[in-house]
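Asker: Residues per chain, in single letters:
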Amino acid sequence: MAKGLPKSFKKALWVYHCNSGSCNGCDIEIIAALCPRYDVERFGIRLVGSPRHADVLLVTGPVTRQMADKVKRVYEQMPDPKAVICVGNCGNTGDVFYESYNLVGPISNIIPVDVHVVGCPPRPEAIINAVAKAWVKLETLEAEKR
Amino acid sequence: MSKKKMSPEEIVKYFKDEFKAKVKDSRVEKRVAGVKKKEFVNIWLKIDKSVFKDVIKHLCDIQFPHLAVVSGNDLGSTIELIYHFSLYYGERLNEVSLNISVELPKSNPVIETICDYIPGALTTEREKQEMLGVKIRGIPDSRRLFLPDDFPEGVYPWRKDETGPKDMVRNLHEVKK
Amino acid sequence: MKKKESVKTTTKTTYQIPIGPIHPALKEPVMFEFEIDGERIVDVDVSLGHVHRGIEWAGMQRNPVQILYLAERICGICSYSHPIAFARAVENACDIEVPERAEYLRVIHGELERICSHILWAGVAAHEIGFDTVLFLTWEMREKALDLTEYLTGNRVTKAIIMIGGVRRDITSDMVPKVQETLKYFKDNFEKLRHIFLDDKTVRLRSQGCGVLTYDDALKLCAIGPTTRASGVKKDVRVDQAYAAYGDLDIDYMTPDVLTGEVNGDVYDRIIVRLLEVKQSIDLIEQCLDKMPSGDILSEPKIPKLLARVKKTAGEGIGRHEAPRGEVIHYVKFDGENDNPYTWKARAPTYNNILPWIPMLKGEQIADIPIVAASTDPCISCTNRVTIVDNDKNSRYILNREELHRMSIEKTRRLTR
Chain A
2 MAKGLPKSFK KALWVYHCNS GSCNGCDIEI IAALCPRYDV ERFGIRLVGS PRHADVLLVT
62 GPVTRQMADK VKRVYEQMPD PKAVICVGNC GNTGDVFYES YNLVGPISNI IPVDVHVVGC
122 PPRPEAIINA VAKAWVKLET LEAEKR
Chain B
133 MSKKKMSPEE IVKYFKDEFK AKVKDSRVEK RVAGVKKKEF VNIWLKIDKS VFKDVIKHLC
193 DIQFPHLAVV SGNDLGSTIE LIYHFSLYYG ERLNEVSLNI SVELPKSNPV IETICDYIPG
253 ALTTEREKQE MLGVKIRGIP DSRRLFLPDD FPEGVYPWRK DETGPKDMVR NLHEVKK
Chain C
14 MKKKESVKTT TKTTYQIPIG PIHPALKEPV MFEFEIDGER IVDVDVSLGH VHRGIEWAGM
74 QRNPVQILYL AERICGICSY SHPIAFARAV ENACDIEVPE RAEYLRVIHG ELERICSHIL
134 WAGVAAHEIG FDTVLFLTWE MREKALDLTE YLTGNRVTKA IIMIGGVRRD ITSDMVPKVQ
194 ETLKYFKDNF EKLRHIFLDD KTVRLRSQGC GVLTYDDALK LCAIGPTTRA SGVKKDVRVD
254 QAYAAYGDLD IDYMTPDVLT GEVNGDVYDR IIVRLLEVKQ SIDLIEQCLD KMPSGDILSE
314 PKIPKLLARV KKTAGEGIGR HEAPRGEVIH YVKFDGENDN PYTWKARAPT YNNILPWIPM
374 LKGEQIADIP IVAASTDPCI SCTNRVTIVD NDKNSRYILN REELHRMSIE KTRRLTR
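Protein chains in written order, with our numbering: chain A, 2 to 147; chain B, 133 to 309; chain C, 14 to 430.
It should be emphasised that the hints constitute simulated quantities derived from the structure, not laboratory data.
Any given hint could be a false lead.
[As the list claims (entries may be wrong)] Calculated cross-link-like contacts (lysine to any residue; reagent style SDA-like; alpha-carbon spacing at most 20 angstroms):
(1) 169/B x 328/C
(2) 169/B x 375/C
(3) 298/B x 100/A
(4) 137/B x 153/B
(5) 162/B x 328/C
(6) 233/C x 245/B
(7) 233/C x 247/B
(8) 375/C x 251/B
(9) 170/B x 112/C
(10) 189/B x 232/C
All values derive from a computational prediction rather than experimental measurement.
Sequences are here, hints too, so could you generate the full structure?
Answerer: Shown next, in the form of structure tokens:
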């Protein structure tokens with residue numbers, strides 16, 4: 002991980018996934034990361050069912066008008082310290098959906114994003130890499146507090 | 133209800149016999165595919181809006197049709213609705229695609245529902261109401277389907293005139309200063 | 014789907030449960046509202062639209078080649094079906110010929126996608142019943158199919174292999190051994206898959222008799238895909254219409270009586286239909302590899318010439334394809350002046366399969382909601398935060414998705430005790 006940081010995160014990361022109107026491609030790759038070939042559970046990373054248990058938020062999709070406030074609410078329900086990973090090109094810049102009457106813009110307009118994963122859809126290895134980077138960021142945040 | 137299978141020309145004649153001048157236009161397209169050049173048939177019919185419900189009833193007498201979807205065109209002063217049906221499914225290479233189009237004036241875009249004959253038409257009729265501004269008379273459920281509830285009234289995304297969604301379009305690639 | 018009327022009995026009133034849009038595990042958000050009497054569902058109401066991205070409007074501002082990439086991203090799981098239906102619609106509207114070799118290649122890619130999608134569904138259905146091991150087992154098998162897809166097209170999910178007038182990449186003779194090796198792997202393991210799903214007592218207990226859709230309902234509500242074939246209605250675009258190379262191949266409708274001899278229209282029948290279709294897809298790919306003609310793969314390789322040709326034609330066309338979930342239909346109209354389509358309508362298969370949810374879910378228990386909804390293989394999914402509003406006592410308590418899922422698993426345990 003990151004050298005020189007005291008090991009503050011005693012437990013493994015729990016991840017909550019939120020779909021704000023995506024095509025499901027990125028969501029399938031997130032689930033594929035849990036499956037035996039890429040097996041992210043051996044690091045202790047698991048998908049939880051409620052944002053209140055989670056450390057990391059994975060958001061996919063360009064945000065539709067209906068989902069904008071719901072994504073914001075999910076972000077506010079997560080306890081600190083938290084990190085947000087934006088998976089897929091739609092959430093980063095809009096990708097093919099760059100012009101629409103029902104979309105409210107890239108995810109960084111709604112909630113602050115820490116790690117961007119590029120790809121349409123990104124491979125499971127890229128998603129695992131992003132969660133590892135978020136881990137480093139969270140450790141840094143914890144270390145700064147002390 | 134299941135009589136012998138009619139050829140595409142006979143189907144067109146079946147409608148023309150019953151409704152005479154109200155069938156404004158008809159077209160039978162045949163295309164081939166594959167190495168063995170098997171053909172498939174598309175029939176396009178244009179009918180007058182006053183006999184629309186009777187045409188649907190007449191169609192249900194041939195065989196209960198499969199309604200795929202209703203698509204719509206904004207043609208300037210009229211709105212054209214095209215009902216995509218298919219008949220004679222269930223046997224190998226027998227199916228015929230039948231597309232019935234109806235024109236409605238923009239000043240009075242009202243048409244009757246076909247949900248009493250074909251209950252599966254509800255979803256697509258609701259979509260036409262909100263996307264094109266067509267009023268469907270007698271529809272059992274006229275709430276919005278895809279657009280959010282706070283989308284302004286009177287803005288119809290598929291229209292090309294002043295009621296289109298031009299003001300609501302955002303460009304996600306814009307870089308904010 | 015009338016406006017909800019609460020069923021008032023003398024002593025009890027019904028609850029109304031809204032199941033909101035955000036989902037922790039998978040798929041798109043959709044909102045359900047159930048009206049519950051005790052544990053039984055009395056009425057269902059579905060509200061869609063949370064994923065409405067204005068794609069058809071965006072498509073009308075772009076040219077057909079750009080729309081192909083947009084159409085792929087309508088849905089990531091059936092990401093091959095939308096471009097092929099759109100390409101067929103444009104080819105029908107503008108009278109563009111497709112070479113024979115390209116038609117066979119299109120069939121191979123379509124059937125490969127069907128295998129991936131049905132195995133994905135099998136894993137999700139097992140997860141809803143409570144067998145997580147089967148989820149991992151089936152998705153591991155799916156990885157082999159994804160490896161083959163990556164070898165043939167370059168990407169696992171969004172393949173971008175279709176072009177108007179043909180396909181973009183060829184399967185050359187040195188690629189064929191890898192295809193055959195993957196097919197052999199599936200043929201060897203198909204028996205294992207069939208044994209897990211169809212011979213298991215628990216799967217039968219949970220799924221037989223549950224979520225029944227009768228023949229009449231399926232016909233009247235215009236249901237499509239494996240949902241309707243499991244109720245006995247024979248609708249399959251590949252068998253009914255001769256398009257791509259399906260007119261030359263040996264193919265038939267897959268209804269449950271092919272395996273068991275009877276048709277019930279319940280969840281178990283839908284599992285049977287999908288597993289039979291996996292076997293059928295393996296067989297179709299082999300037939301295509303045997304009969305593949307030689308020739309070009311694109312009738313017009315230069316894109317500016319293609320676009321100029323589209324620009325000059327005025328006409329309309331429809332294109333249909335049998336996606337893993339049902340029939341996909343696209344309608345396109347050109348006006349002869351620009352190469353943007355004047356109108357484009359895309360209809361995904363799940364939109365026809367939403368109305369059948371209502372007769373399927375009435376009378377079932379809450380714990381059956383995940384498996385019945387998942388059995389129609391929706392490309393829009395459901396359930397997360399369930400708020401139960403107790404009308405009598407004016408109290409609210411929240412069930413999250415884990416609890417709903419846990420109720421489904423507990424029912425399995427109760428049945429097997």
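Asker: Would you check the hint for residue 162/B and residue 328/C, treating anything up to 20 angstroms between C-alpha atoms as holding?
Answerer: At roughly 15 angstroms apart (the allowed maximum being 20 angstroms), residue 328/C and residue 162/B satisfy the hint.
Asker: Does residue 189/B pair with residue 232/C here, judged by a C-alpha cut-off of 20 angstroms?
Answerer: holds (16 angstroms)
Asker: Straight-line Cα separation of residue 298/B and residue 100/A no greater than 20 angstroms?
Answerer: Measuring from Cα to Cα gives roughly 11 angstroms; hence the hint holds.
Asker: Can the restraint linking residue 170/B and residue 112/C be considered satisfied, given a maximum Cα separation of 20 angstroms?
Answerer: Roughly 15 angstroms between the alpha carbons, so the hint for residue 170/B and residue 112/C holds.
Asker: Does residue 328/C lie within 20 angstroms of residue 169/B when you go C-alpha to C-alpha?
Answerer: violated (23 angstroms)
Asker: Going straight from one Cα to the other, do residue 233/C and residue 245/B come out at no more than 20 angstroms?
Answerer: holds (15 angstroms)
Asker: Please work out if residue 169/B and residue 375/C have their alpha carbons no farther apart than 20 angstroms.
Answerer: Not OK: residue 169/B and residue 375/C at ~47 angstroms, beyond 20 angstroms, violated.
Asker: Within 20 angstroms, alpha carbon to alpha carbon, are residue 137/B and residue 153/B?
Answerer: violated (25 angstroms)
Asker: Can the restraint linking residue 375/C and residue 251/B be considered satisfied, given a maximum Cα separation of 20 angstroms?
Answerer: This hinted pair holds, its Cα atoms lying about 17 angstroms apart.
Asker: Decide if the proposed pair is consistent with the structure: residue 233/C and residue 247/B, CA atoms, cutoff 20 angstroms inclusive.
Answerer: The hint holds at about 10 angstroms.
When each numbered hint is compared with the structure, violations occur for hints 1, 2, 4.
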